[in-house]
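Q: Chain by chain, the residues:
2 protein chains.
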Amino acid sequence: MDIPKFSDIEDAYMRIEKYIHFTPVLSSAAINQIAGCNVFFKCENFQKVGAFKYRGACNAVFSLSDEVAQKGVGTHSSGNHAAALALAAKQRGIAAYIVMPENAPEIKKKAVKGYGGQITFCKPTLQAREDTLSEVLLKTGATMVHPYNQKEIIAGQGTCALEFMQQQDDLDIIITPVGGGGLLSGTSITAKYLNPDIKVFAAEPEGADDAYRSFKSQELIPVQTTNTIADGLLTSLGELTFKVIMKNVDDIYTASDVEIIEAMRLIWERMKIIVEPSSAVALAIVLKNKEVFKDRNVGIILSGGNVDLAHLHF
Amino acid sequence: MDIPKFSDIEDAYMRIEKYIHFTPVLSSAAINQIAGCNVFFKCENFQKVGAFKYRGACNAVFSLSDEVAQKGVGTHSSGNHAAALALAAKQRGIAAYIVMPENAPEIKKKAVKGYGGQITFCKPTLQAREDTLSEVLLKTGATMVHPYNQKEIIAGQGTCALEFMQQQDDLDIIITPVGGGGLLSGTSITAKYLNPDIKVFAAEPEGADDAYRSFKSQELIPVQTTNTIADGLLTSLGELTFKVIMKNVDDIYTASDVEIIEAMRLIWERMKIIVEPSSAVALAIVLKNKEVFKDRNVGIILSGGNVDLAHLHF
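First to last, the protein sequences are chains A and W.
First residue of the first sequence: 1, per the numbering used here; consecutive thereafter.
First residue of the second sequence: 1, per the numbering used here; consecutive thereafter.
Simulated from the structure, these hints should not be mistaken for laboratory data.
Beta carbons are placed, not taken as given, at the ideal position from N, Cα and C, and that holds for glycine.
It cannot be assumed that every hint is accurate.
Here are the simulated SDA-like cross-link-like pairs (lysine to any residue), alpha carbons at most 25 Å apart as the crow flies [what the hints assert, rightly or not]: (1) Lys-18(W) with Gln-167(A); (2) Lys-192(W) with Asn-289(W); (3) Lys-18(W) with Pro-196(A); (4) Lys-109(W) with Gln-167(A).
With the C-beta cut set under 7 Å, the calculated list includes, among others, these residues of chain A facing chain W [claimed, not checked]: (5) Met-14; (6) Lys-18; (7) Ala-30; (8) Gln-33; (9) Ala-35.
Derived Cβ-Cβ restraints for the label pairs, each shown as a range [unchecked claim]: (10) Lys-71(W) with Asp-308(A): 47 to 55 Å; (11) Asp-295(A) with Asn-289(W): 24 to 32 Å; (12) Gly-93(A) with Gly-114(W): 46 to 54 Å; (13) Ala-30(A) with Glu-67(W): 30 to 38 Å; (14) His-313(W) with Asp-172(A): 39 to 47 Å; (15) Lys-247(W) with Ile-34(A): 44 to 52 Å.
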């Protein structure tokens with residue numbers, strides 16, 4: 001699989017610009033004081049469907065030819081990618097077939113249904129998800145849209161940094177959370193193209209640290225078991241995202257759930273915005289590695305804001 | 001007491017502009033669809049100290065002559081006004097003496113202390129609060145700054161609508177919550193000056209509906225007992241704010257706590273921003289009186305975002 005180029009990201013932006021929100025960049029004097037550096041937050045929690053995932057899904061859906069598109073798109077996911085794909089498909093007026101484990105949270109099922117996605121439930125194993133999706137794709141002729149390990153997805157996610165570096169043109173460092181690596185890959189391509197001197201870091205929960213281990217060992221090591229509240233970051237890197245990350249990313253840091261919750265609380269309390277645990281990992285690593293970030297201009301992508309208000313971690 | 005004029009609000013804005021945040025106006029396609037009108041939210045939950053109160057406090061503090069100011073300022077409050085006055089005083093480099101009931105929530109005490117306020121505790125009765133404040137003022141020579149029934153406070157709060165109507169110049173209706181009436185009074189002066197055709201409405205919780213009853217009976221009726229989660233709106237109108245409101249305000253609506261919580265949840269879930277219950281009352285009345293607002297451009301001031309995350313109402 002080809003690594004996307006910066007021009008793919010520019011093309012993606014032209015393709016999706018009218019469908020997405022141009023999200024704001026916020027900062028907090030109180031957080032800067034605590035962190036000892038200038039932190040700029042790109043608020044993808046305000047993106048449509050409440051997460052950056054809508055950028056990649058939109059690019060994938062609108063990249064399809066009319067002939068292919070009319071048969072719909074499909075994926076297996078219980079998270080933001082499912083909702084994002086459902087809404088992107090709705091925007092194009094085509095079907096979205098979403099395979100979800102039968103034990104997925106009600107709130108996630110409701111979101112996908114709310115955006116018009118057609119859900120097929122399966123047993124909660126990866127094997128069952130893949131088998132069920134294969135059946136659905138075979139029956140419908142729909143096109144599979146991968147949550148991260150796909151060129152169009154990476155290019156779509158890379159449009160976030162494109163906006164960010166235009167809104168804040170003096171960033172020394174840019175940090176994203178890493179799960180499957182779509183956001184990190186896209187961000188790294190944009191950031192290094194626009195400013196070869198910028199550092200691109202990734203933030204990962206200790207309880208799902210396959211990217212950290214893969215990066216350090218220079219070998220793709222999928223995660224075996226996961227244990228973290230950062231439920232958007234449970235997946236492992238794919239072959240394509242791993243390749244981009246090894247080429248572009250300067251370092252990967254990890255944070256514990258306690259540190260993640262503390263950072264999340266700081267964002268909620270000081271900035272009055274709602275972010276999901278996965279979004280708080282980047283601030284957690286800034287706060288625990290202050291010497292690395294001291295006095296620098298640090299850009300953090302807040303990846304999403306979808307939390308179940310009835311089950312908060314505070 | 002004189003009713004503030006629009007020129008007082010312009011003066012206030014010149015005085016405080018460099019100390020306050022110019023807060024954003026946000027909107028949500030999902031909420032517009034549910035409400036059946038176009039709602040624009042002025043985000044004073046992002047204001048310093050997390051509430052519009054900082055505008056009035058700043059104006060009061062920076063209106064004082066150097067000679068008077070150097071003896072400090074004082075108030076009795078356990079809410080956002082106390083924190084706002086403490087920070088405004090800190091900005092001017094003077095003391096803030098805050099009288100608080102000894103049973104005030106820890107989180108409020110912490111906020112006031114964090115901004116450098118000097119707290120004197122008293123018994124939790126209005127009499128004790130007023131007596132204690134008198135003693136403190138006598139001893140220190142500090143100037144009393146009222147939370148709402150004071151010209152400088154009203155003029156300061158009126159700067160919020162000044163920004164709002166510049167950011168969104170086609171509002172048909174503007175709605176604020178009403179407690180003591182400082183924000184409502186200031187908003188009404190600005191709004192009616194800039195656009196005599198605009199409607200100015202107030203939103204009040206059923207469980208503290210003195211403004212509603214006073215407005216309808218055209219007679220100032222202080223609240224006797226209160227019972228609402230909108231803890232920023234428990235106070236009664238003052239003589240000055242009542243006078244402004246009778247002159248400028250078009251109508252006052254009330255909402256129940258159940259309706260307030262539902263509106264608050266909608267804001268949190270759909271907009272991914274944190275607002276306190278008092279801020280959600282305006283959206284609650286829009287949702288329960290849809291025929292009044294149908295297809296109009298409705299401006300809502302989200303008054304603040306200070307909630308105790310350990311004790312949410314969801």
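Q: All the hints need checking, so say for each whether the structure fits it.
A: A quick look at each hint next to the structure:
no.	hint	verdict
1	Lys-18(W) with Gln-167(A)	holds (22 Å)
2	Lys-192(W) with Asn-289(W)	holds (23 Å)
3	Lys-18(W) with Pro-196(A)	violated (36 Å)
4	Lys-109(W) with Gln-167(A)	violated (37 Å)
5	Met-14	violated (22 Å)
6	Lys-18	violated (14 Å)
7	Ala-30	violated (9 Å)
8	Gln-33	violated (11 Å)
9	Ala-35	violated (17 Å)
10	Lys-71(W) with Asp-308(A): 47 to 55 Å	holds (51 Å)
11	Asp-295(A) with Asn-289(W): 24 to 32 Å	violated (52 Å)
12	Gly-93(A) with Gly-114(W): 46 to 54 Å	holds (52 Å)
13	Ala-30(A) with Glu-67(W): 30 to 38 Å	holds (32 Å)
14	His-313(W) with Asp-172(A): 39 to 47 Å	holds (41 Å)
15	Lys-247(W) with Ile-34(A): 44 to 52 Å	holds (46 Å)
Of the hints listed earlier, those the structure fails to meet are numbers 3, 4, 5, 6, 7, 8, 9 and 11, in rising order.
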